[in-house]
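J.: Taken in sequence, the protein lines are chains X and L. Here the first sequence stands for residues 1 to 211, numbered as in our numbering. Here the second sequence stands for residues 1 to 195, numbered as in our numbering.
In silico lysine-lysine, DSS-like type, Cα no more than 25 Å apart, as pairs:
(1) 46/L - 86/L
(2) 80/L - 42/L
(3) 80/L - 184/L
(4) 184/L - 42/L
(5) 46/L - 2/X
(6) 86/L - 42/L
(7) 2/X - 80/L
(8) 2/X - 184/L
(9) 46/L - 80/L
(10) 42/L - 2/X
(11) 184/L - 86/L
(12) 46/L - 184/L
To be clear, the hints were calculated from the coordinates, so they are not data collected in a lab.
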Amino acid sequence: MKTDDLIRALAEDAPSDTGPARNRALLLLAASSIIVAIVFVLLFNLRADLAGSGAWPTLRKLAVTLLLLGAGARGATLLMQPDARLRDALIWLAAPIAAILTLIGVDVALNGNANLGARAMGATALQCLASVSLLSLAPLAAFLYGLREGATTRPDIAGALAGVAAGGIAASLYALHCTDDGPLFVGVWYGLAIMLVGAAGWFAGRRILQW
Amino acid sequence: MTKTREKTLEHTRIEVREEDQLGDMMRLALAGNSAVYADLLKEVAKLARGSARSMLRRRGQSDADLEDIVQEVLLAVHLKRGAWDKVRPFRPWLGAIVRHKLIDAMRRRRLGDVSVDEIADILPAETTAPSDAHDVERTLACLPERPRAIVRAIAIEGRSAAQVGADFGMNEGAVRVALHRALKDLAARFRGRTE
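With the rest of the complex left out, here is chain X (with noise of 0.2 Å):
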C-alpha cells in the first residue's frame, strides 16, 4: 500500500471527538472504586470507635492514603500525554512521602525510641498487605484501562503510578477497618502493600500501555 493510499484510508476514518481522555481514565478509576467501596462494606466491618477514639487516627492514615491517590493518579494521567516530563509526574509522590515521614517523626518525637520493631509489626500486618493488594486489583485493571487510550512514552512508570493510586483507594478503605494505628505500622506496611500494587502495575503497564 502506498502511503498516500493509507492515508486515504485514514482520513476516511471519521473522528471520535470525545472529550479528553484522561477523563475517561479518571471515571473508570472513579467507578471501579465505589464497587470496591461497596465490596468492602459488605466484607469488613468499620472499626467499632471510628467517630470516637478511632477518629484522629483514621484520619491521619486518610492523609497519607488520600495524597497516595492523588499523587499516582495525577502522575499516570500526566504521562498519557506522550512529550510529558517524567520529573512532572513524579514529583506529587514527595507530598505522601513528606506526610508519612512527618507522621512518623512526631510519633517518635512524642513516645520515644522504644520497642520501634514491635510498633512497627503491629498486630495485623499480613491482614493489610492481603487486604490492601486484593482491594486495589479491580481500580488497577480498570484504570490500565483507561489510560490505554493515552500515548505514554512509559508505560512501565505509568503502570507503576496507576498501582500508587488503586493501592492508595484499597488503602484508604482498608484504614477505615484497620485499628494498627501506628505511624511506624502505616509506613510500613502500608507502605509495603502500595509498592506491591505499584510493582504489578508496573508489570501490567509494560504488558497493556504499549503501543
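Got chain X; can you put chain L on it based on the hints?
T.: Chain L alone, transformed into the frame defined by chain X:
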C-alpha cells in the same frame, strides 16, 4: 547585533506559526474536516520520512523499509489523536509520538538504539519524496479478506465509506467500524513484525 536579533525573532515567529498551523489543522481534523486531516497526515508523513531516512542511512540500510516505518508512524498518530490534549501545543506531542515509533522501529529491526543526538534530529523541517520500492500487497496481506477489500476500496480506489457500503451491502456505519478495526489491526501487525 540588531540584525541577529531580528533574524532570531523572525525565526521564532515562523516556528510559532508552523506550530500553530499543525495544531490548528489537528483541531479542524478532530472536528470532522477530513480534507484538512489528509493534508496534516501528508505533512506528518514528510517529517517522519525525513527522520526515518536519515536514521536508516546512518545505519547503512537501504530505503526498502522506509515506507513501512512512515506508515507505522501515521497509524500511531491516527489511533492516538484522540488522546492529544487540545489545549497543549501539538508539535511537541507529534514529535514525541514520531520519536517513540522510530526508536521502536529501529530496535525491532535490530538496528540498535537511537542516540541522543539522533533524537534531537527527529522532526526537522526536511521534506522527502516517498520511496517507490513498496509492495502494495505486503502491508495489506495480513488482513482478513473482507477488511482488506474495504481498505483497498477506500485507500487505493479512493471511494467513500458510503459508496463502499453500497457495493458490499453494508451500511456506512458498519463500513466505518470495519475500517477503524482494520487500521487498528494494521498497527498491531506493524508492532508485532520482527523482520
